[in-house]
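From just these sequences and the hints, can you work out the full model?
As numbered in the numbering used here, residues 3 to 350 make up the sequence shown, in order.
Derived from the structure by calculation, the hints contain no laboratory data. Don't be surprised by glycine CBs; every beta carbon is placed ideally from N, CA and C. Any given hint could be a false lead.
Straight-line alpha carbon distances no greater than 25 angstroms define the calculated BS3-like cross-link-like pairs of lysine-lysine that follow [stated by the list, open to error]:
id: 1; residue 1: LYS178; residue 2: LYS221
id: 2; residue 1: LYS178; residue 2: LYS60
id: 3; residue 1: LYS178; residue 2: LYS264
id: 4; residue 1: LYS178; residue 2: LYS237
id: 5; residue 1: LYS221; residue 2: LYS237
id: 6; residue 1: LYS60; residue 2: LYS221
Have a look at the derived ranges for each label pair, beta carbon to beta carbon [said to hold, decoys possible]:
id: 7; residue 1: TRP168; residue 2: PRO52; range: 24 to 30 angstroms
id: 8; residue 1: LEU288; residue 2: GLU56; range: 30 to 36 angstroms
id: 9; residue 1: MET336; residue 2: GLN146; range: 29 to 35 angstroms
id: 10; residue 1: PRO326; residue 2: HIS51; range: 25 to 31 angstroms
id: 11; residue 1: ILE82; residue 2: ASN4; range: 45 to 51 angstroms
id: 12; residue 1: LEU288; residue 2: HIS50; range: 37 to 43 angstroms
id: 13; residue 1: LEU325; residue 2: HIS93; range: 47 to 53 angstroms
id: 14; residue 1: SER153; residue 2: GLU119; range: 44 to 50 angstroms
id: 15; residue 1: PRO44; residue 2: ALA236; range: 45 to 51 angstroms
id: 16; residue 1: PHE6; residue 2: ILE82; range: 42 to 48 angstroms
id: 17; residue 1: PRO342; residue 2: ILE63; range: 44 to 50 angstroms
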Amino acid sequence: MNPFILSILLLSLGLGTTLTFASSHWLLAWMGLEISTLAIIPLMSQHHHPRAVEATTKYFITQAAAAALILFASTTNAWITGQWDINFDLHFFPASMLTMALALKMGLAPVHFWLPEVLQGLDLTTGLILSTWQKLAPFILMCQIMPVNSSLITFLGVASTLVGGWGGLNQTQLRKILAYSSIAHLGWMILVMQFNQQLALLALVIYIPMTFSTFMIFKTNSSTTVNTLAASWAKTPALTAITPMILLSLGGLPPLSGFMPKWMILQELTKQDIPLTASIAALSALLSLYFYLRVSYAMTLTISPNNLNATTPWRLQTTASTLPLAISATISAMLLPLAPATLALLSL
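Structure (structure tokens):
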């Protein structure tokens, strides 16, 4: 793609998200979401592969449906209450519609069906943008309209954690595994969002570097299936040794960074006297942990079929910058000691 066009598209992505962040009017927020959607579509279909075009079409249809529902819900709310202001209390009916529309935008269960299919059709870089940056605008809007319908939000959260765990169990495609991982993590964030928005934001802030690290590792190894990871020890031995830490951090194991938001979310849910919801969320994390362990096992403890008696004594030097991956991998593995400071900041 022409660098000039690429820079315009990336700037438009940034503009759309920033516009949604800064807006206090429903029409402006809707415009920001639309700009973001339209900016990523050329990036998704740039390879002209039939699967990429199919994924782009599916993404466009679902996002257009969600945007139409947001516009309809905000207009209905303005009709009932006479207010377009986002911070103004919403009427119950449009609030429920907006929640479902934003859930569709983010890919929460039970309206998640488009996300694994779309992510499967994209290259890893565009998939990374879709899994991280494109989640920000609807996530912030969801934070702004909280608390709305407690039963609906709890249902979305529990369904997402369970679907994210069950869906990834039998997958061999890495992009689909990451899609189900994204659904599960968003489920955790939505569960706690109705009680503590700062905690949901913390979970998102820690989720982004972990997902960035995972996508960049697969991109460095040019891997899209679990089987192809078996050859990664010969290409990047140091990275292969670090990868299980990042994957287990995504799973939420101590003493890694991913444990911190899960621990705080379970603590908050228990404080709110909903131990059953907390127990289901904790058990669903075990399902996710299984497929992270499976990917770790395939990458570090298996050797790909090899006809040579000796391993290749040289490797081509990579030309890609590894600094962003090094920083995000460090954040993914080593933030847990900052938990007391984080708790102090959240309680301010």
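Structure-inconsistent hints, enumerated in ascending order: Of the numbered hints given earlier, those the structure breaks are 14, 15, listed in rising order.
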